[in-house]
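If you want the building blocks of each chain, they are given just below.
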Amino acid sequence: MEIIQHLLDGFLIALTPLNLAVVIVGVVVGLFIGAMPGLGSVNGVAILLPMTFLVPPTSAIIFLAALYYGAMYGGAISSIMLGIPGASTAVATTFDGRPMALKGEADKALVGAALASFFGGTLSILLFTGFAPPLASIALDFGDAEIFALMLLAFATFVGLSGDDIPKTIFSICIGLVFSAVGLDIMSGEPRLVFFDVIGFMHGINFLVLAIGIYGIGEMLWTIEITRGESAMSKAVFSLRGILAHLKELLGTWKVATIGSLLGFFVGILPAAGATPGSLMAYGVAKLTSKNPASFGKGEVAGVVAPEAANNAASTGAMLPMLTLGIPGSPTTAILLGGMVIWGMVPGPTLFVDETEFVWGLIASLYVANFFAVLINIFFIPVFLWMLKMPFTVLAPVIFVLSLVGGFAPTQSMHDVWLMLAFGIGGYLMRKLDYPLAPAVLAIVLGPIAEPALRQSLLISNGDFTVFVTRPIAGPITVIALILLFLPLLKLIRDKVKNKKASGSA
Amino acid sequence: MKVTRRIILGCALTLGFGAALSTFVSGTALAWEPKKPVEFVIMAGQGGGADKMARLMQTLIEKNGWASKPLTPINKPGGSGAEALVHLQGKADSDPDHTIMVTLNSFYTTPLRQPGLGIDIATFTPIARMAEDTFLLWVNKDSGIGNMEEFAAAAKAAGKDWVMAGTGKLQEDQLLTDFLNASYGLEMKYVPYKGGGKVAKQLAGNHANSTVNNPSEQEGFFKAGTVVPLAAFTPTRLPLFPDAPTFRELGKDFVYFMQRSVVGAPGMSDDAAAYYQGLFAKVFASPEWQKYRTKKSLQGDLLQGQALKDYWLNEREIHRQMLEKMGAL
Amino acid sequence: MRRAEIVTAVLMAAFSIYLMWKSAELPIGWIPDEGPGGGAFSFWLSAIMLVCCVLTMINWARRTTPPSQSTEPFMDGFARNKFVLVGGGVTVMIGLVHVIGMYGAIPLFMLYYIRFLGRHSWLVSLAISLSAPVAIFFFFDVALRIVLPKGYLEPLFYPLYDIFL
Chain L
0 MEIIQHLLDG
10 FLIALTPLNL
20 AVVIVGVVVG
30 LFIGAMPGLG
40 SVNGVAILLP
50 MTFLVPPTSA
60 IIFLAALYYG
70 AMYGGAISSI
80 MLGIPGASTA
90 VATTFDGRPM
100 ALKGEADKAL
110 VGAALASFFG
120 GTLSILLFTG
130 FAPPLASIAL
140 DFGDAEIFAL
150 MLLAFATFVG
160 LSGDDIPKTI
170 FSICIGLVFS
180 AVGLDIMSGE
190 PRLVFFDVIG
200 FMHGINFLVL
210 AIGIYGIGEM
220 LWTIEITRGE
230 SAMSKAVFSL
240 RGILAHLKEL
250 LGTWKVATIG
260 SLLGFFVGIL
270 PAAGATPGSL
280 MAYGVAKLTS
290 KNPASFGKGE
300 VAGVVAPEAA
310 NNAASTGAML
320 PMLTLGIPGS
330 PTTAILLGGM
340 VIWGMVPGPT
350 LFVDETEFVW
360 GLIASLYVAN
370 FFAVLINIFF
380 IPVFLWMLKM
390 PFTVLAPVIF
400 VLSLVGGFAP
410 TQSMHDVWLM
420 LAFGIGGYLM
430 RKLDYPLAPA
440 VLAIVLGPIA
450 EPALRQSLLI
460 SNGDFTVFVT
470 RPIAGPITVI
480 ALILLFLPLL
490 KLIRDKVKNK
500 KASGSA
Chain P
0 MKVTRRIILG
10 CALTLGFGAA
20 LSTFVSGTAL
30 AWEPKKPVEF
40 VIMAGQGGGA
50 DKMARLMQTL
60 IEKNGWASKP
70 LTPINKPGGS
80 GAEALVHLQG
90 KADSDPDHTI
100 MVTLNSFYTT
110 PLRQPGLGID
120 IATFTPIARM
130 AEDTFLLWVN
140 KDSGIGNMEE
150 FAAAAKAAGK
160 DWVMAGTGKL
170 QEDQLLTDFL
180 NASYGLEMKY
190 VPYKGGGKVA
200 KQLAGNHANS
210 TVNNPSEQEG
220 FFKAGTVVPL
230 AAFTPTRLPL
240 FPDAPTFREL
250 GKDFVYFMQR
260 SVVGAPGMSD
270 DAAAYYQGLF
280 AKVFASPEWQ
290 KYRTKKSLQG
300 DLLQGQALKD
310 YWLNEREIHR
320 QMLEKMGAL
Chain D
0 MRRAEIVTAV
10 LMAAFSIYLM
20 WKSAELPIGW
30 IPDEGPGGGA
40 FSFWLSAIML
50 VCCVLTMINW
60 ARRTTPPSQS
70 TEPFMDGFAR
80 NKFVLVGGGV
90 TVMIGLVHVI
100 GMYGAIPLFM
110 LYYIRFLGRH
120 SWLVSLAISL
130 SAPVAIFFFF
140 DVALRIVLPK
150 GYLEPLFYPL
160 YDIFL
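Chains as they are written, first to last, in numbering that gives the first Met the number 0: chain L, 0 to 505; chain P, 0 to 328; chain D, 0 to 164.
Isolated chain L, as found in the complex:
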């Protein structure tokens, strides 16, 4: 009951006029930053950190947390409307969000994303409120072997994600992983794959460069060719009646949303993992458990709901180790952590005792921020839909310009912009030949987490692979991942044997 008392105190702090105003401004700003391709919550929080010194620390972190939330909601908007994931957390949302928009169901996708985000956010704040300290200790138990096992699981849920052409799908995964290795090999401290000694490759190939290139430029070229440059992007209309009709269908996705939220929350808690693997796994699980897996990737609303519920749940989850252990669960929380240090707090196990007001004010404001984020988001949906109705010949140059600016903004280097163009054109040509591109984008996100974790665990175990199976947490995860990885293969073999028998007896 102590928790409820604390939470009520927290609400008193969160609902003061200043903090309420801060939440609303934060959510709106975050929404637009998130909706901009190339800019996500990391950039938003980093850039606006200095502005927060105008207000007391509690209001400051509430502002940044609201912005974080807003950006998570906003990420879905560019994924659905433009087909460009604004940040890695929103990649999975493009898989079905984009086809829905093309089918003229952008309104359903946007409403679904908003409600799923709200659901995921709320569920995870409840978990956060109730179980922060015990969950924090689980997070600490995750070492390198566990992280690698988890990455394996993330990959496994994606087997058979897209593409009927198996060699081309594997090619796509591998090229994404190889690109993710560009830059510095942290284990040996040596530069790696710095092509032609171009200095710009030293910072590696940013996920966004590949994603904006493929989805922003490549996809646009493809659309121009397919539509013969004529059609408008979307026929979606926004009406209250329409929303109510969608609501019924969306209520049917509660199961997927719950699984997504739980998955997102738990993966979000784990340091280093962050929201992206969580949302990818949620998508994979939604597809695995669906009665109609074939509809995924073609505009299935559950494919929007699951990752959106997960990435919002994960963003709350990522704050848990930040507050309780002082370890960031995601890049964005790393910056929030920096902010807290600057405000003179010591994030870590003692924070809940030393700074009760701050912690509970923040937790309560998460509820408030989530509530306003969904309201504001739905309020803006008609505006976004109106933008979609622009003639294609106006929308296309706008998207190209956004890609240019979005490709430049994260690293502020023209090298990345040129690379983005190369990926865009290359992606367009390969797409025409049925090379699936989504696996490459996923691989470049997961690769930089998976490879060091693998090598760190092997270094610690003296090169012994059994750590992945014998450690109490890593073991089960690895086994599940391996089963999932090889299940389709076994099925394939069994089918072939059956076919042979059938043809033999005939």
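In short, the hints are calculated from the structure, not lab data.
Worth double-checking, as some hints may not be accurate.
Derived lysine-lysine pairs resembling DSSO-like cross-links, with alpha carbons at most 30 angstroms apart [claimed, not checked]: (1) L/Lys297 / D/Lys81; (2) L/Lys290 / L/Lys254; (3) P/Lys281 / P/Lys251; (4) D/Lys21 / P/Lys193; (5) P/Lys159 / P/Lys62; (6) P/Lys68 / D/Lys21; (7) P/Lys222 / P/Lys155; (8) P/Lys281 / P/Lys295; (9) L/Lys297 / L/Lys247; (10) P/Lys324 / P/Lys308; (11) P/Lys251 / P/Lys62; (12) D/Lys81 / L/Lys388; (13) P/Lys34 / D/Lys81; (14) P/Lys68 / P/Lys308; (15) P/Lys324 / P/Lys251; (16) L/Lys431 / D/Lys21; (17) L/Lys431 / D/Lys81; (18) L/Lys102 / D/Lys21; (19) P/Lys34 / P/Lys68; (20) L/Lys247 / L/Lys490; (21) P/Lys281 / P/Lys197; (22) P/Lys62 / D/Lys21; (23) L/Lys254 / L/Lys297.
The model shown is predicted, which means the values in this text are computed figures rather than measured ones.
Given the structure of chain L, go ahead and fit chains P and D onto it with the hints provided.
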């Protein structure tokens, strides 16, 4: 018609007067001011120690209105800072007056290890050393180790299975690990991670046996009693950790710091350098910065101009010797 | 389409070999007690890429995949035309950023696209092309403090910096 003409005339007059005024003002040799936003390069990734400090400095400057144009921070961690150094070097010809950088010890080690970059840090413009961060040796409380003797015994017994987690390869943490291995006859295994926060977590979760974190990285776990500092790589004991002796006290004459400095692009004009030096002297003297220094156990006084350059050249020599000893050059 | 398929497969195979060669700058084998070397991860993945390219070539020879059966041209006249006009336009825009900065290149590109490719009226074209950079300036340079490159147009922005930053 008449009205418009009058307006145009008025505008022209105002403009002319304004222009005259501004030439007059600049004619009286006012101090140099940046003409555009100043690029504030951070030689490390987001969320790390250098990043936190850079953003604190930026915030103090912004909050107090000390600069007429904003500092725009941008992280360039690529190639252990190689990219940032090359970026600054490239500004030498185009626009050296509007780019400054927050730097750390990779300022010495990266050019030493990658001579192909053609970077000579002696050409960079010294602005200010804002602090020196300190290092301590940490173990998890569960290990039951309370002092260096027990540490040396336990690590010796474990041999190669003793895991020392640290940030980066052939950088600060590994230099310290090498020192410990050499002077206590140990064979600790060094496992590199991407950032100090991750390293701290490895220790708290018992995935590593020891680390050489900065105080700010372990502070939270230390306060909670999860980790214990055994000894400090400083000349005197740190006020926040009075129970951790220095290595000097333990008979090993070894001191190591991480610099937290601001450096300007090579070829920066003297006027611009003086402007930035004044700016960061103000930051250094501010109560907020001083408070931050105390809280994070930072050492090192403000160093500027030639004194800072001499300090760099001296440190570069020390690092060259250390890296040579490791066989990394 | 059929020819494009084999050309791409061969090019990608060559690229895989280049990646393998480049990865081999770091140790690609197993280091005892440590695990794989720094180049191993990318080397072996590139090797798998190479195998996949070979499999694609086999599929091509056996005509088992849709692109290897297709007799349609890889790009018809319309596609080629659009590709050159649009892709070329984007490339020129990015190139121009180095010279006249984002705020010079963006309006030019938008004008080119909306007026000449989209055939909208001059009024619409100019209105959009000129308002976009203003919006971008306030969002990026002013609000977010991400200073976009200005190229040789930089001095024109000094008064704006004085007012807004």
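Quiz item: Is it true that the CA of L/Lys254 sits at most 30 angstroms from the CA of L/Lys297?
Solution: Holds - the C-alpha atoms of L/Lys297 and L/Lys254 are around 20 angstroms apart, at most 30 angstroms.
Quiz item: Is P/Lys34 close enough to P/Lys68, meaning Cα to Cα at most 30 angstroms?
Solution: 7 angstroms, holds
Quiz item: Within 30 angstroms, alpha carbon to alpha carbon, are P/Lys324 and P/Lys251?
Solution: Holds, at roughly 17 angstroms.
Quiz item: Is L/Lys431 close enough to D/Lys21, meaning Cα to Cα at most 30 angstroms?
Solution: 28 angstroms, holds
Quiz prompt | P/Lys34 paired with D/Lys81 [C-alpha distance capped at 30 angstroms] | solution = 43 angstroms, violated
Quiz prompt | Holds or violated: P/Lys222 to P/Lys155, with C-alpha atoms at most 30 angstroms apart | solution = 28 angstroms, holds
Quiz item: Hey, P/Lys324 versus P/Lys308, does the alpha-carbon distance stay inside 30 angstroms?
Solution: 24 angstroms, holds
Practice problem: Starting from P/Lys251, check that the Cα of P/Lys62 is at most 30 angstroms away, please. | Solution: 44 angstroms, violated
Practice problem: Given the hint that L/Lys431 pairs with D/Lys81, test it: the Cα-Cα distance must not exceed 30 angstroms. | Solution: 15 angstroms, holds
Practice problem: Would you check the hint for P/Lys68 and D/Lys21, treating anything up to 30 angstroms between C-alpha atoms as holding? | Solution: 44 angstroms, violated
Quiz item: Within a Cα-Cα threshold of 30 angstroms, do P/Lys159 and P/Lys62 meet the stated pairing?
Solution: 51 angstroms, violated
Quiz prompt | Hinted pair P/Lys62 and D/Lys21, Cα distance within 30 angstroms | solution = 48 angstroms, violated
Comparing the model with each numbered hint stated earlier shows that hints 3, 5, 6, 11, 13, 18, 20, 21 and 22 do not hold.
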